[in-house]
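Q: Below, each chain spelled out in residue letters.
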Amino acid sequence: MRLLSHDHPGHWLLAALLAALLLALAFAPFLLPGTKALAVAARILIFIVLAASYDLLLGYTGIVSFAQTSFFGLGAYGVAIALSGGGGWLALILGAAAGIAVSVALALAMALLSLRVRAIFFSMITLALARFTQVLASEWRGLTGGEDGLTFSVPRLIAPGFHPFVAPVLGLRISGPVIAYYLIFAVTLASFLVLLRIVNSPFGRVLQAIRENPFRAEALGYQTIFHRALASALAAGFAALAGAMMAMQLRYTNPDTTLSFSLMIDILLMVVIGGMGTLYGAAIGATVMVLAQYYLQPGLAALAAAARGIVLAPALLDPGRWLLWLGLIFVLVVTFFPAGIAGSLRARANASARPPIA
Amino acid sequence: MAEAMPLLELAGVHTHIGRYHILHGVDLAVPEGRVSVLLGRNGAGKTTSLRTIIGLWRASHGAIRFAGAEITGHATPDIARLGIAYVPENMGVFTTLTVAENFRLADWRGDPQPARLDAVMAAFPVLAQKWQARAGTLSGGQKQMLAIGRAIATEHRLLIIDEPSKGLAPVMVAQLTEALASLKRARTTILLVEQNFAMAQALGDHVAVMEDGRIVYRGEMAALAADIALQTRLLGLSLASHQ
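As they're listed, the protein sequences go chains Z and X.
Counting from 1, one number per residue, gives the positions in the first sequence under the numbering used here.
Counting from 1, one number per residue, gives the positions in the second sequence under the numbering used here.
For reference, chain Z alone in the conformation it holds in the complex:
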């Protein structure tokens, strides 16, 4: 429990879901062999970090930002630019570090300049930054490759052609992408535990106080601008780290995969579906969304084929309508879990627990 910073999931179902998710992700390459399954599992891991970083901002501090993809993109382009000139681990690490450093500096500057004024102005500025990074990435062709993006090779250890063992291990032929997956798994797990530590620290407590009422927090002597700026910087740093992992895993990056506005909406949905201000919710939300994006279409195709004889069913279950079904799932989640999946389960656990006596 110390690893979880004494922040228990709270509800048995939530704990079970999280344990299942952890086990599934830990053994994903063995359980579901194949390039697509590995790519989906890696994407889930990366989006857990990205959504959790956004939850630190939105769920814990109450800051509405639209620039989380900008930092995600900066991390991805940091790695892409560093590796597109060749180079190995050092270039990868330096690229990721540069992306994270620029993101943190940018977030700090933005927060210190605009969080002093009303929160809505900060949101507007983040919107402008999101658009700016998008335009920059597509127009600065010399550096970013424009709309085509950058394709590059990664260090040999994590490259597709690399096979350290001749014989399969537990039925799986270990390859570079599998090693890359476990690298991403380790970084995600460590990042998530660090974020849990942050939100459960005295600093995290002040963030929650600020979210509820910034004036009350100030009247207790807290410099809310400092706390908000630090939260923004931390969120930006973790988003950039997620972006760096994304670039490393995909071996290419372009404005669409890391900077698009629809990606920002996805992150927002992940946090809302999972439950704001819980961190565990970000993990659940990221998993639900990524799985839906990858498996809803083929799932619908299979269902449509099975329901061929039933009136209207094939039309309704047409794979082209997957967004409709995703929307329906979203409406159902919001209706039955108003505080998100993790948030509502926790609330139920709190309501049924007897008030503890100190």
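None of these hints come from the bench; they were simulated from the model.
Idealized CB from N, CA, C, for every residue including glycine.
Careful, some of the hints might be misleading.
Covered stretches of chain X, going by a simulated chain Z footprint (3 or more residues, C-beta under 8 Å) [stated by the list, open to error]: (1) 13-26; (2) 76-82.
Computed from the model, here is a short list of chain X residues facing chain Z with C-beta under 7 Å [as the list claims (entries may be wrong)]: (3) G92; (4) L230; (5) L234.
Calculated Cβ distances over 10 Å to all of chain X for the following chain Z residues [as the list claims (entries may be wrong)]: (6) A98; (7) G277; (8) A304.
Given chain Z, work out where chain X should sit, using these hints.
A: Chain X in isolation, oriented as in the chain Z frame:
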């Protein structure tokens, strides 16, 4: 006033909120070690005065001095760090956090001292029972106890409390009055805004009455309590009607 220099002093303070001119030159002195009560009808400017002191509203004219230093126009956290605790009228607790977490937020320098927490728990035993409960689940009276308990869980030079009895059941008001009376016995400096005259009379040493953003009367609480005609003129009520 017997004291040489008040702990808190407002001199000719004007406050504008948007285009409204709320305070019209407030002069107020809060002597150290005493309880000063600010009375007045609704809309007289009592809460605005407190908020101007703590920096939530900025004074447009005039000066506010605390412990001899000018604090006019300072940021709220800087003012709070000088040793001023502010308990707003809407209780000021963080409802999504537990009682324990609310107490841990009491001191911006770190966790409050256990000895002081023990003293608070002795004054408000119900808070110890609700230690792990979310503050939002507490009753109105319990929230008020938490807000005041949190303010006294760390050392402050001045306690500013806005209408602690508002919306509370009489039994709660009696309990709160007793808790504040024990603070008074410990010579805590308190600036109290209170509509409940019985509570104000039980606690106050000095009294100032506000009307239309100005102080229209200041004196000893005992003198005001004894003068029913004055009460009626200033407050539109008499002590008898509240007993």
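Q: Compare the structure with each hint and give your call.
A: Hint check:
1. For the segment 13-26 of chain X, the stated coverage by chain Z is violated: 0 residues have a C-beta nearer than 8 Å to a C-beta of that chain, whereas at least 3 were required.
2. With 4 residues having a beta carbon nearer than 8 Å to a beta carbon of chain Z, the segment 76-82 of chain X meets the requirement of three or more and the stated coverage holds.
3. Checking G92(X) against chain Z by beta carbon gives a least distance of about 5 Å; that is within 7 Å, so the hint holds.
4. Interface hint status for L230(X): violated, as the beta-carbon distance to the closest one in chain Z is roughly 34 Å, over 7 Å.
5. Interface restraint check for L234(X): the shortest CB-CB distance to chain Z comes to about 29 Å, outside 7 Å, so the restraint is violated.
6. Distance check on A98(Z): its Cβ is at least 34 Å (rounded) from any Cβ of chain X, clearing the 10 Å threshold; non-interface status holds.
7. Once the 10 Å rule is applied to beta carbons, G277(Z) is inconsistent with being away from chain X; the minimum gap is 8 Å.
8. Consistency note on A304(Z): stated as away from chain X, and its beta-carbon is indeed over 10 Å from all of that chain's, at 44 Å minimum.
When the structure is compared with the earlier hints, violations turn up for hints 1, 4, 5 and 7 and for no others.
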